[in-house]
Amino acid sequence: MKIVFMGTPEFAVPCLRSLAESMHEVAAVFTQPDKPKGRGYKLIPTPVKAAAQEYGIPVYQPASLKKDDDAVETMRILNDIAPELIVVTAYGKILPKEILELPKYGCINIHASLLPKYRGAAPINWVLLNGETETGVTSQQMNEGLDTGDILVKQSAPIGENETYSQLYGRLSTMGAQVLMQTIEAVESGSLKPEKQDDSLSCYSPMITKDMSALDFSKTAREVHNTIRGVTGFTTLGGKRLKIFASEISDKIVPGAKNGEIVDTGSFAVKCGDGRAVIFREVQPEGKKRMKTEDFLRGNKLTKGDILG
Numbered sequence: 006m007k008i009v010f011m012g013t014p015e016f017a018v019p020c021l022r023s024l025a026e027s028m029h030e031v032a033a034v035f036t037q038p039d040k041p042k043g044r045g046y047k048l049i050p051t052p053v054k055a056a057a058q059e060y061g062i063p064v065y066q067p068a069s070l071k072k073d074d075d076a077v078e079t080m081r082i083l084n085d086i087a088p089e090l091i092v093v094t095a096y097g098k099i100l101p102k103e104i105l106e107l108p109k110y111g112c113i114n115i116h117a118s119l120l121p122k123y124r125g126a127a128p129i130n131w132v133l134l135n136g137e138t139e140t141g142v143t144s145q146q147m148n149e150g151l152d153t154g155d156i157l158v159k160q161s162a163p164i165g166e167n168e169t170y171s172q173l174y175g176r177l178s179t180m181g182a183q184v185l186m187q188t189i190e191a192v193e194s195g196s197l198k199p200e201k202q203d204d205s206l207s208c209y210s211p212m213i214t215k216d217m218s219a220l221d222f223s224k225t226a227r228e229v230h231n232t233i234r235g236v237t238g239f240t241t242l243g244g245k246r247l248k249i250f251a252s253e254i255s256d257k258i259v260p261g262a263k264n265g266e267i268v269d270t271g272s273f274a275v276k277c278g279d280g281r282a283v284i285f286r287e288v289q290p291e292g293k294k295r296m297k298t299e300d301f302l303r304g305n306k307l308t309k310g311d312i313l314g
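Heads up, the final residue of the sequence shown is numbered 314 in my numbering, and it's a clean run with no missing numbers.
I should point out that these hints are in silico values taken from the structure, not numbers from a laboratory.
You can take every hint at face value.
Between beta-carbon pairs, the in silico distance windows are:
id, residue 1, residue 2, range
1, 280, 72, 54 to 60 Å
2, 201, 306, 55 to 61 Å
3, 211, 175, 21 to 27 Å
4, 48, 271, 45 to 51 Å
Quick reminder that beta carbons are idealized off the backbone N, C-alpha and C, glycines included.
With the sequences and hints as input, model every part of the structure.
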């Protein structure tokens, strides 16, 4: 099958690799334009572009798919290729109707949630922020709505109590490639049974904003823990910023302590609004590298009773 792939971040790379190493022809890859990074503002290719170049696949990076010169050129390229299928995985652009209707088998999207739950841009973050215990990957037949197309293949996965965004991202990325190949196999065999989404069960996962990472210790230990898992938390210690990448919830109730108070200097436990403590497991002090808490504690003396934030 002749396929065009559209994707941008690391999440989409396993899908592209699975296609490139299969019997199918990946005729072209579309990805977001390169962006400047670092002190020198050097243009860095997207992860999908870097992977496509390894396989010698032509790469296109239109700035827009709307009705301008880029959109006209994109349609010319796609019409010349005449793909039988377009696969979309975290591309970051809305496909217009003209593209959705161009391939013989339409456009298939690989989405990192169990649709219709967590439609939108940040499903992995939001399942963790909301303390979900299960998520997964869904392939859907794309339409003009936002993640509203018919469900094709769905695969679920449990979420670990202390699992972080980066860990879940990696697992679902690999699962996405599996779901994609199952979907394409079913397309070829004619065995797909598309399922309409029940809109009454849907919920939305909007873009993440920086302010969401600020830890509020007046909230429950579970809420603080889920913030750390979902978006990486931050607070201040001794007037300096401290990022927290991993945590767990203490079983102990901490009577009398204030919210945000360090209640155990041996484990870096901090009291939260419900009387329980959250224990930091991986941190990054301002101006330093990310490290395990035990390594942080070797070089930093905590004082019981100090207040974070």
